[in-house]
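Residue numbers (my numbering), protein chains in the order written: chain F, 92 to 266; chain G, 3 to 102.
Take the hints with a grain of salt, since some may be wrong.
Unchecked claim - The list that follows gives simulated cross-link-like pairs (lysine-lysine, BS3-like), each with its CA atoms no further than 27 angstroms apart: (1) F:K240 - G:K63; (2) G:K63 - G:K98; (3) F:K106 - G:K63.
Keep in mind that the hints were calculated from the coordinates and are not lab data.
The model shown is predicted, which means the values in this text are computed figures rather than measured ones.
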Amino acid sequence: MEIFEAIRGRRSIRKFEDKDIPMQDLKKILEAGVWAPSGSNIQPWEFILVKNKGTIEKIKLISPGLFGNPSALIILCINHERAKRGGKLGVKTALMDISMAAQNMMLTAYALGIGSCPVVSFNKLALKELLDVPDHVEPVLIISVGYPKFMPKPPKRRPLKEVVHIEKFGEHFNR
Amino acid sequence: MKSLENILTDDHFKLLAFLITSARGCVDEPILYGPLRLVDAASRLIDIMEKEGKANEQILKLQELIEEKKDLVMYDEEAFVNFLDELSRELAKIIKEERK
Ligand SMILES: Cc1cc2nc3c(=O)[nH]c(=O)nc-3n(C[C@H](O)[C@H](O)[C@H](O)COP(=O)(O)O)c2cc1C
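Turn these sequences into a full structure, and let the hints steer you where they fit.
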C-alpha cells in the first residue's frame, strides 16, 4: 500500500468484528513501533500487548474512552529511567517518541486491514495497578486494535491553506 | 454478595467503574467530554433498565439517539450540543406523557 493512501485512509475505529488478529500481524505492528525515530535514539518506550479477553474487559472497565470490543490492546509506556538519559528535554521528547511509534503502529495495522484507535482516556493509576507496571514506567497511550465493523467518515481537517505558513508566519498558500 | 468473578461482569459494577474513572478523567479532559461521559453512562444505564424490563420503547429510542450521535463530539461540537438539546426534549416528552 502506498504510504499516503494509508495516511489518508486510516481512521480511529471504535467498533470491531469479533475476530482474532494473527500473532504475526500483531508482531509486525509492534515492530513498526520499534522502528520509529526517537530523540538521541533513546527509545524510551515499553509496549504491553494484551490479548487476553478477561484482561481486556478489566482494562475497559477503567477506560471511559475505550470503545468497542477490540481483539487486542497495545499499551505504550514511557520508561522514565531511559527517558532521563535525554536530560531535561528527555521527558518531553519521550512523549514525541511514543507518538511516532504509535502512528507507525496504526498505519501498519491499517495496511494489514486492521483497525485501531489511540486512547488517552483511561485511568493511569488503575491501569498500572492492573498490569503490575513498575513505578518508573508510565502508560501514556492505549492503541486498541481489531478488524473494523465499518470505516467511519473522516473527521474534518483544517485546510492546508490555514495550517501552512510560507516562509514566515501568517503567509499562506493562495490556493 | 456476588463473587469477584461475577462482579466484573455485573452491569451495575461496570457502570460504577465507568463513573468513577470518568470522574477522574473529566478533571483533565476537554469540557465537552463531561457531557459525553454522562450520555454514555445514560446509555449504559438504559442497557441495565432493558435487562430488568424497565425500558419502554421511548427510553430505548433515547439510547438509539445517544449511540447514533455521541460521536459528534469529535466531528462537530455545535451539532453535539444540538444533540444534547434534542435528547433533553425527547426526555421531556416521555416525562410529560406519563400520567401521575
Ligand atoms: C493523543 C490522542 C488521544 C486520543 N484519545 C482518544 C480516546 O481516548 N478515545 C477515542 O475514542 N479516541 C481518541 N483519539 C482519537 C481521536 O478522536 C481521532 O484521532 C480524531 O477524532 C480524528 O479522527 P481519525 O483518527 O479517524 O482521523 C485520540 C487521538 C489521539 C491522537
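Quiz item: Which hints, by number, does the structure contradict?
Solution: Violated: none.
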